[in-house]
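Novice: Going by our numbering, the letters in the sequence shown line up with residues 5 to 227, in that order.
No lab work stands behind these hints: they were computed from the structure. What you are looking at is a predicted structure, and each value in this text was computed from that prediction instead of being measured. All C-beta atoms in this analysis are idealised placements derived from N, C-alpha and C, irrespective of residue type, glycine included. Heads up, a few of these hints could be off.
Stated by the list, open to error - With a straight-line cut-off of 35 angstroms between C-alpha atoms, the simulated DSBU-like cross-links for lysine-lysine are:
no.	residue 1	residue 2
1	K90	K63
2	K63	K192
3	K63	K177
4	K192	K169
5	K188	K63
6	K63	K127
To be verified - Label-pair distances were calculated between CB atoms; the ranges are:
no.	residue 1	residue 2	range
7	V93	E227	28 to 36 angstroms
8	P172	N151	35 to 43 angstroms
9	N182	R119	39 to 47 angstroms
10	V91	Q223	25 to 33 angstroms
11	P190	Y44	43 to 51 angstroms
12	K127	Q171	36 to 44 angstroms
13	I132	E41	21 to 29 angstroms
14	N154	N70	26 to 34 angstroms
15	V91	N60	23 to 31 angstroms
16	D225	V42	29 to 37 angstroms
17	N151	A178	18 to 26 angstroms
18	S74	E227	19 to 27 angstroms
19	E122	E51	31 to 39 angstroms
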Amino acid sequence: MMIVKKLNCGKIKIALMTLSLFSFTAGCISLRTEYPEVNYYRLTQIEDKSQNIGMNAVKGTLQIRNFAASDAVDTDNFLGVWDDNKVQVYYYHRWIVNAADLLTDFIITRYNNLRVFEGGVVKSSSIIMPDYILEGQLIDMVAHNSNKSNSPNYVYISLRVSLIKKQPMSTEKALLVNKVFTVKSPRKNNSVETIAPAFSEAVSQIADQMLLEILDAIQKDRE
Numbered sequence: 005m006m007i008v009k010k011l012n013c014g015k016i017k018i019a020l021m022t023l024s025l026f027s028f029t030a031g032c033i034s035l036r037t038e039y040p041e042v043n044y045y046r047l048t049q050i051e052d053k054s055q056n057i058g059m060n061a062v063k064g065t066l067q068i069r070n071f072a073a074s075d076a077v078d079t080d081n082f083l084g085v086w087d088d089n090k091v092q093v094y095y096y097h098r099w100i101v102n103a104a105d106l107l108t109d110f111i112i113t114r115y116n117n118l119r120v121f122e123g124g125v126v127k128s129s130s131i132i133m134p135d136y137i138l139e140g141q142l143i144d145m146v147a148h149n150s151n152k153s154n155s156p157n158y159v160y161i162s163l164r165v166s167l168i169k170k171q172p173m174s175t176e177k178a179l180l181v182n183k184v185f186t187v188k189s190p191r192k193n194n195s196v197e198t199i200a201p202a203f204s205e206a207v208s209q210i211a212d213q214m215l216l217e218i219l220d221a222i223q224k225d226r227e
């Protein structure tokens, strides 16, 4: 009888070990399938439709300092707002860098491609002494979503910028522009795949609006 009991205990131990191993393996498989793949996006330069930009280069160099961001949009995640004002954070759909840095690099590239400043457009890390300094704060950058047929889907961006002119032989600076720019760009539907293309259009538009204001302010300052 004692031998039979020992054999039964051994079988029970083997069964428990097998069950534990199966549970651990199943747990590992579950962890792998639980998290979707993270998708990263970047902005695309949309061709300038204005005939007034980039015609005559401005003498001097423009420095664009890294934009700041309001706490609500200081992230690399896509952000959405639905009909009931519910905010959705898209944890698996992100910009390649945080939104403020994304805009800074995008605008520097755009202005350099347009060749509107003879000395070029540089970042704050450059050793070049600029003639003009552009500072900015990203106020809002959100995708508006709707399930209603009569309510549009769009992206919205709001950016405050200040253009500063460095005075020759002086530590003083002159404020030439201090303005908030806003742009809405439509989307076909509320799909997350429509967010990045719509923001590419919106940021291209806002960059061009800013540039027209900058060039006008510089021209008036020189008159």
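Novice: Does the alpha-carbon distance linking K63 and K192 stay inside the 35 angstroms limit?
Specialist: Violated: K63 and K192 sit about 42 angstroms apart, past 35 angstroms.
Novice: Take the C-beta atom of V91 and the C-beta atom of Q223, compute their distance, and say whether it sits inside 25 to 33 angstroms.
Specialist: violated, 42 angstroms
Novice: Is K192 close enough to K169, meaning Cα to Cα at most 35 angstroms?
Specialist: violated, 42 angstroms
Novice: Between the beta carbons of P190 and Y44, is the distance compatible with 43 to 51 angstroms?
Specialist: The hint (43 to 51 angstroms, Cβ to Cβ) is violated, given that P190 and Y44 are roughly 24 angstroms apart.
Novice: Within 35 angstroms, alpha carbon to alpha carbon, are K90 and K63?
Specialist: Since the Cα atoms of K90 and K63 sit roughly 48 angstroms apart, the hinted pair is violated (cutoff 35 angstroms).
Novice: Do the Cβ positions of N154 and N70 conform to the proposed distance bound of 26 to 34 angstroms?
Specialist: With Cβ atoms ~40 angstroms apart, the hint is violated.
Novice: Mind checking the alpha carbons of K63 and K177 for me, to see if they're no more than 35 angstroms apart?
Specialist: Since the Cα atoms of K63 and K177 sit roughly 18 angstroms apart, the hinted pair holds (cutoff 35 angstroms).
Novice: State, for the Cβ atoms of D225 and V42, whether the hinted interval 29 to 37 angstroms holds or is violated.
Specialist: Between D225 and V42, where Cβ atoms are some 46 angstroms apart, the hint is violated.
Novice: Look at the Cβ atoms of E122 and E51 and judge whether their distance stays inside 31 to 39 angstroms.
Specialist: Because 23 angstroms falls outside the window, the suggested range is violated.
Novice: Could you say whether the range 39 to 47 angstroms given as a hint is met by the Cβ separation of N182 and R119?
Specialist: violated, 26 angstroms
Novice: Could you see if the CB distance from P172 to N151 stays within 35 to 43 angstroms?
Specialist: violated, 58 angstroms
Novice: 36 to 44 angstroms was suggested as the range; check whether the CB atoms of K127 and Q171 agree with it.
Specialist: Because 22 angstroms falls outside the window, the suggested range is violated.
In this structure, the earlier hints numbered 1, 2, 4, 7, 8, 9, 10, 11, 12, 13, 14, 15, 16, 17, 18, 19 are contradicted, and the remaining ones agree with it.
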